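Turn these sequences into a full structure, and let the hints steer you where they fit.
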Amino acid sequence: MEPSDPARVRRWLSGLTKSSQRWIRATVLAGVGVGLATIAQMALLAWLVHQGVIEQHPLADLTPAFLALVTVLVLRALGQGLQTRFASRCSEEVRRDVRRQLHRKWQSLGPVALSDTSAASLTREWLDHVEALHGYFARFLPQMMLSVFVPLMILAVVFWLDWLAGIFLVLSAPLIPLFMALVGMGAEKVNQQHFETVSRLSGQFLDKVRGLTTLQLFGQTAQASDALHQRSDQFRLITLKTLKIAFLSSAVLEFFASVAIAVIAIYIGFGLLGYISFGPSSELTLFSGLLILLLAPEFFQPLRTLSQHYHDRAAALGASAEIMARLDQPTSPVKATGLPGSSDAAVIDFHRVSLCYDTGPEVIRNVTLTFRKGETIVLTGPSGGGKSTLLHMLAGFLQPVSGSISIFGKPCGEQPFGWLGQKGFWIQGSWADNLRMTSPEASDIAIEKALHQVGLADLVEHREHGIYSMIGEDGQGLSGGQARRLSLARIFLADYDLVILDEPTAGLDATSEIHVLEALHKLSEAGKTLILSTHHQALMTLADRLLIVHDGEVKDA
Amino acid sequence: MRDLRPWLNLILQRRGRLAIGALLLLATLISGIALLALSGWFLTETALVGLLFAAGVQAYINLYVPGGGIRFFAVSRTVARYLERLYNHNTVLQLLTDIRVALFDQMAQAGHRDRGRQKGAHWLSRLTADVDALDTLYLRLVAPACLAALVALLVVLLLWLLLNLTIALTVLVLLTGAFVIASWLLYLRTRTLSGELSGRQEHLRGEVIEHLEGFSELTAAGRIGKHAALLKRQSLALDKDQAVIETRTGWHLAITQLLINLSALLVLWAGFALFESGSVSGPVLVMLPIVLLGLNEVFAMLPDAFGKLGATVAAAKRLNEEVEPSAVAPAISITSTALTATDLTIGHPGTAPVMTHFSLTIKAGERLGIVGASGSGKSSLADTLAGVIPALAGTLQRPACAYLTQSTVLFEDTVKANLRLGNAKATDAELWRVLELVELAERFTREDEGLNTWLGSSGNRLSGGEARRLVLARVLLSGAPLMILDEPFTGVDTDTRERIAPLIDRWLEGRTVISLGHGPEALLPSDHVLHLN
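Each protein sequence line maps, in turn, to chains A and B. With our numbering, the residue at position 157 of the first sequence is 157, and numbering never jumps. With our numbering, the residue at position 492 of the second sequence is 1492, and numbering never jumps.
Don't read these hints as lab results, they were simulated from the structure. Just so you know, these numbers come straight off a predicted model, no measurement behind them. Every residue gets a Cβ at the ideal spot worked out from N, C-alpha and C, and that includes glycine. Careful: at least some of the hints might be erroneous.
Selected chain A positions facing chain B (Cβ under 7 Å, derived; list incomplete) [stated by the list, open to error]: (1) V53; (2) H103; (3) L122; (4) T221; (5) L228; (6) L290; (7) K449; (8) Q453; (9) L478.
So this is what it looks like as structure tokens:
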């Protein structure tokens, strides 16, 4: 997938804020409250020190101010708590929206295009990348606004106290965003790369773990471990290069904050001594001087927090780029030609259908076919000849580049039908859960019957909980043949008119093969339309019509 | 918490690095606190001396030492921060590698297990998330917690020296409270939810993967939207629970900082009393509350890490289960010639044996075919002979072997790297020859990259038959004297199979071959065929 344009990614991201505006605003408001409480806290602290140390007031006189300070501290804590409470809700809507968008995309891509990407990567996008948006909306975005409001409030107070000290802060302040922007631009790009590298490294690790048994059989685990180590180290060196730059932004900020505090401290100190003969410094007292000093770090704090949340932004941008790349992935056009399909409800009709992938050679060439309802059609021919492609088009998983296909007078995929791919599919759960995936209303008896039809009944009968016992409880799972029979049981249960099967017996053991054959025979007897591909002689005997698919063309055998 | 121990030990192997990193962190923290505290001290001192000057009293003030100190701390804070971040992130990345490599090595040592078949696809992604959770254990949890405790104790010590023991102890109590609230108490309050959350996330991940695996069937059945709605609902519930944890973390942070601020206030209040009696100077009185306020920075790092600790512990616990050595190791004596199996009991521990009293002798160079239906224990037999699972009883002697498993495993790597697993020393010419043998040479000559063609996830760019032939080629590259081939031709069409089987037979001349299949046609040409019932 091509990386998306960064500006577009940012636009998409800010477009998502609309649904969460309310929470973001509340978070900022609470943050402003905390800022005000902080100013009050520091002011009371400085005032108390001034009253006690300079004016030498007895402690007893100061008790009200101490109590006021306690109140302010409690208020500040309340504000802080509320701020995180609101922030935690900021991305709820956003995450829900994006998950919905992604799933809609999966559906329009269809199972064939989806299978080009591993299920684990797609799941990562749907769960982890969407999750990565949270930090941006909950932390970065509110903090960005706070890092404008709070410093301005503090600046106003400092100017009121001593305009020269205010100017020191003003002078250091605009440099900070400037530096951060400069450094941030570099860091952002590398950060995205970092994100990608981490996901690749994880992929490498997982891939090796997945094939661990194979590596063990070839005695290659030590080599694999070395390779993993090497790749991790490469990854570390690349990342460190990035970090050297990325950390500069926080160093710059730290430097300005430190220097500003030092300059202000020395200026105020000299002012208090009366060494400075110009400007407002003659007005300085311990109260105003100390307050300016105490506020100086608070002036920089929101920006420092923002720079800590910078990685949230980078992570969100990285994740968004990948999400957008997925959302931008081209789907095959729904209807390439204006040709309407046949409206005959008793036939499946291919009319001059062609298909090619990207700009490659045609995989299916100008195929015109008509199958009647209730027929069993068997496709055979060499691997790579186009059998699976033909079945995928029939299922609506692939769209023809030209021509049209209609199923019983309707476009492909409009009516539910049975599909049995080369891999059976089962979920962690009971037998009943598995069968109710596609037929939620099915009765227990119907489920038992369906399992019986495919010869899986004896796996269930002796179990304590019958069809409610868990599949794979013995840690063994299902064999390939059993998984395929389970899928076939779903087809029995759902009672579809049309059943499409892609090499239903490939790689099956003899028992499973017999059961599958029998089951297909029963389906055919029941008047279902079966369309299947196979190399298997026994299956071909089921055919009402045997077709040979070779080099993208279809002939009757 | 015990579950974290092996991982903490692993991290502690880099003790030197960790210590230097912690010292840099300490230097940063102390520079920050000292900069502000010294400035506060300096202001008060100048204010007091300024008053004396204004009253016309002769007074002396040393400007150079505090001025130099302020400048020094301003620079040292910046430099220490930058070095600390760079150094510690390098450490974290090294730990990240250490953890993955150690985990892989331990899993490799834990014995042969066909994990994929046992645990399903989502097990792998759970593993990733679990490993990720351990990556920041040091920088986020261990280092800040130690430093917060250390710096807090230093501050208490300073209070004892400059004020008195009672104040120091009272502040110690407040700071201990703050520490416990930020760490342990928060951990207790989020442990269950946070620990479950990662489990639930991984459960959901498993379900999403299943959803994708069943995408064709679910789409065909018109159930894809309904099923997705279920997943969306679950993820929303997770988001909400995550928000609960974040909110609790936020409140704990707020209360922690409240306690620290109150302790600063307490020091000021108690200090005033001492100031009035003349036992403490004004500048020191001002400096100490500022020092206490400075503790906020390091304490603020704790709640976030401890709010997630429950999840981290749960992750560590799962990983520990993963690397437990398998109960029994395969006991196979390697001989140079024949394969002799005597009275084997075959099966998985804890379940009824698949086969008992199995005995077999194969002479060197002999070809044996084994035909068996599903459930006949064919693959378990192959696994046992190859040593993937140990025999439950009996003895097995055989030469070194190459084993083609029933499942087709390709790595996300080049064709070359995938093939070379079979024989690391194979030259390109040899690779092409074996590809020719399984009729894949033409397929890859067509690719621009030839042998360097990248195979996508699970070898997705290959058809089932092509992938099978590729892993077959990989096994054929191995020079092992014994070949065990379980369903060598799964997904390979009849014509191709009939063409390549005799060629493979010739290629393997002189070697002992056991091929297993669901029917005689799925085997290589054999001297004898054994039927399993």
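Hints and how they fare:
For V53 of chain A, the interface hint holds, the least distance from its beta-carbon to any beta-carbon of chain B being 4 Å, beneath 7 Å. With a least beta-carbon distance of about 5 Å to chain B, the hint placing H103 of chain A at the interface is held under the 7 Å criterion. Given hint, L122 of chain A at the interface with chain B, holds; its Cβ is 6 Å from that chain's nearest Cβ, closer than 7 Å. A hinted interface residue such as T221 of chain A counts as satisfied when its beta carbon comes closer than 7 Å to some beta carbon of chain B; here the least separation is about 4 Å, so the hint holds.
Interface restraint check for L228 of chain A: the shortest CB-CB distance to chain B comes to about 6 Å, inside 7 Å, so the restraint holds. At about 6 Å, the closest approach between the beta carbon of L290 of chain A and any beta carbon in chain B falls short of 7 Å, and the interface hint on this residue holds. Among the interface hints, the one on K449 of chain A is violated; its C-beta lies about 18 Å from the nearest C-beta in chain B, farther than the 7 Å criterion. Taking 7 Å as the C-beta contact cut-off toward chain B, the hint placing Q453 of chain A at the interface is violated, the least distance being around 17 Å.
A distance limit of 7 Å between C-beta atoms decides the matter here; for L478 of chain A the minimum to chain B is near 9 Å, and the interface restraint is violated.
Checked against the numbered hints listed earlier, the structure breaks hints 7, 8, 9; every other hint is satisfied.
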